[in-house]
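**Student:** The lines below spell out each chain.
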Amino acid sequence: MSNALAHSALETVLEQATVDPRRFDRPLVLWWLRGCHLRNTVGQWLRESRLRLFMITVFGVILWLLLFGIFFEAFHFLEHRVRIGPDLTAYLFHVFFMTLTVMLIFSAGVIGFHGLFRSPETEWLLQTPLPDARVFIYKYQAAMLLSSWGFLLLSSPMMIACGLNKLAPWYFYFLFPLSLVLFVTIPAAIGVAGALLLVRAIPRHALRFGVVLIGSATIAGAVWAYRVVVNTPGTTFTPDWLEALIARMRFCQQPLMPSYWVAEQLLALLAGDLRRYGFFLAVVAANAAMLYVVVVQLAAATYRTAYSRAHSHQDRRLPRSASWFDKIVHTGFWYTDRTARLLFLKDLRTFVRDPAQWSQLLVFFGLLALYFVNVRSLRYEQQALYWRNAISFLNLTVAALILATFTSRFVFPLVSLEGKKFWILGLLPVPRETILWSKFAYSVTVSVIASELLVILSDVMLKLAWWMIGLHAATVLILCLGLSGLSVGLGARLPNLRESDPSRIAAGFGGTLNLVLSMVFILVIVAMMAIPCHLYLAGLESGRYGRAVWSLSQFRFWVGLSMTGAAVIGYLVTVIPMRMGIRHFERLEI
Amino acid sequence: MEFPAVELDHVTKCYGTKIAVDNLCLTVRRGELFAFLGPNGAGKTTTIKLICGLLRPTSGTVRVLGYDVVRQGELARRSLAYVADEPYLYEKLTGREFLTLVYRLYGMDELTGKRRIEELVDLFDMAGYIDYLAETYSHGMKQRVVFAAALLRDPEVLVVDEPLVGLDPPTARLVKDLLKQRTRHGGTVFMSTHTLSVAEEVADRIGILNRGRLIWCGTIEQLRRERQTDARLEDLFLTLIAEETEAQQHEQRTST
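Protein chains in written order, with this note's numbering: chain X, 1 to 590; chain U, 591 to 846.
Among the hints, a few may not be true.
As the list claims (entries may be wrong) - 25 Å max Cα-Cα, derived DSS-like pairs, lysine-lysine:
| # | chain 1 | residue 1 | chain 2 | residue 2 |
| --- | --- | --- | --- | --- |
| 1 | X | Lys421 | U | Lys732 |
| 2 | U | Lys704 | U | Lys732 |
| 3 | U | Lys770 | U | Lys732 |
| 4 | X | Lys346 | X | Lys327 |
| 5 | X | Lys421 | U | Lys682 |
| 6 | U | Lys732 | U | Lys766 |
Worth flagging that the hints you see were computed from the coordinates, not collected in a lab.
Treat the numbers as computed from the prediction; the structure is a model and nothing was measured.
Just need the whole structure built from these sequences, with the hints factored in.
**Tutor:** Structure below.
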């Protein structure tokens, strides 16, 4: 009884002593933490990785200039060549920012989920007396930065190119970054709040549900956009058709959407209408501030409960063996070493069990397949051979670029992911070289099956001649070998054994270098194969009105030379990184 | 009226259908070094996470120094420090910067914070590496920095999970001495460990958890008296766990 009374008294005392959450709030200390982190990272790069920093800067500047050139030409074309009623720039801005809003919401949601519920730093911060909302804001800011830095960086050449074409006033160049920064806070807040609510509601299935939602939304959006384009009346790319298309896309200009506010803000700024710009800037700022308050309140009320729920579900018991799955791998890859097949099974299981890893790829390849299957709806096969050739090479390039993201994102990190478990590989009774070659074999097998299927499907749909299909198939084979060699070789040469997150490994220096080299390789090979075809077919086209540029025998000679050159480059790009990787991998100690 | 350092009142924590902590009632008094023992999967880490506020109980109440961890979490965490078995440090911060972050987060003044860091650097012999990035540290070095961070602000309740894993013998000895010293000065230590010899050496009381249930709580002497033996803690622990597991299995058989 006395114990109960004591507790009752205690309850009363403690209720009265309800703490003011601001008492332990230390926002400035968290900014100091970020500053320290940044200073040390940059300092370390300057001391130890000047070459890396130099290459990142050079590639960054080249990419920026390239984008600026493309945007400048595109806006110049729209401004001076396209003569239609509505302002095409305004329409493009609205569509661009609406698409971006959706992408940023999803991107911030996924990054926010990992930051809020999976990060060891979060667990540590939640042990401190910082208010829950402060930890949430700290992670929200990080998710916002990570999800939007690429957009902020890449939209600057677009804005400057647009400003120069539209002869924007001088203050446009100083004020547009403010508009963009304010804008990204809105989709980021929606995305992170969505992740929080999703985990609060379905803690166990939040990630899977999120991935399915994003995948479904992407596919539905793509199918819908495709139908809008296909069903627009008129001949494709004529002024009438464009006007009809803009009319069908009018919903992108709904005044209640954040994309509308930022688009109108920038259009007003371009036109020098400061009054209208100020109004929309205030609308964005007010909504950003309101969302911030809502998100903070939401976090204060639910974040810790959601965190607890996210870590309170029972682990799923997995089947003891998936013998059919193992049999497929052992039968399908009979030509590789058994130990290496077992390692591959291990890599494959890790990959399959993380939906965040493969879902994006599935969506991309799915969309591409969908496009290729429906390529006839666009009536491309009725075009001249010259155009069909151009379209087929564009399709091939897109498939190859997606393949490059696959090899950079999934194949490159394979060696790094061994990390602290590297001793298992070190003790295996197989030469280390065999392990790398087997990873290469798997990468090539998977890449060849997926890419050849897609490219041949596209060619068949375009009703291309058999020799063109053969040429494309050979090009794809060279690309698959080269991209796999690059990714496996560089992955072994530049491993990051400290990191366990494959996306971070892929986003690091080695992964970025691999991606850039893969892109350069693709462009070189595709250009080598496409240019002779283009010249020959362009000659045939012009031959209708005059004489052909190349004869068939000349074309055969040049295409044979290109094929040989591409094969030699492909061989070098496959073998050199693999040799470098093997040499480093054999000496690797941990 | 003095509140207990840690109080778990009929606490249950479920992971789906699995009961990780089952109706746990436990009181750790101030100035006590309490060793929390149990086999793998017994629910020790879950209990620690409940005390630190990282998990919320399915039912029951967890109090630290009288503060309800769910309703007054910030106050509870203010007086508590947790040293996990896997030490967390920011890889791109030096040990000194990490310690600075800790004293600033807890609102200590700069002068006191800096002085405490110097004392702890000397105490844990960290001068050789404290100004290097944490990514270069070994497990033991990280563990020392994390211990220093926990002691920096002199918490009233120190919760440690496997405190001696990865520490070299001199540092392990130092940590054991520090834990005992803290309790002599009125501090409380809640220690989860598998190293029964350490528990036997330093603990004032022990609690043994098996399959989420507290099967024994008291001093080692009480346990020996109850069992009428002079056996070591290791033997007593194994006997208790075996008996309890058998009893639980029997209970399950009869209920089905």
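**Student:** Output the numbers, in ascending order, of every earlier hint that fails for this structure.
**Tutor:** none
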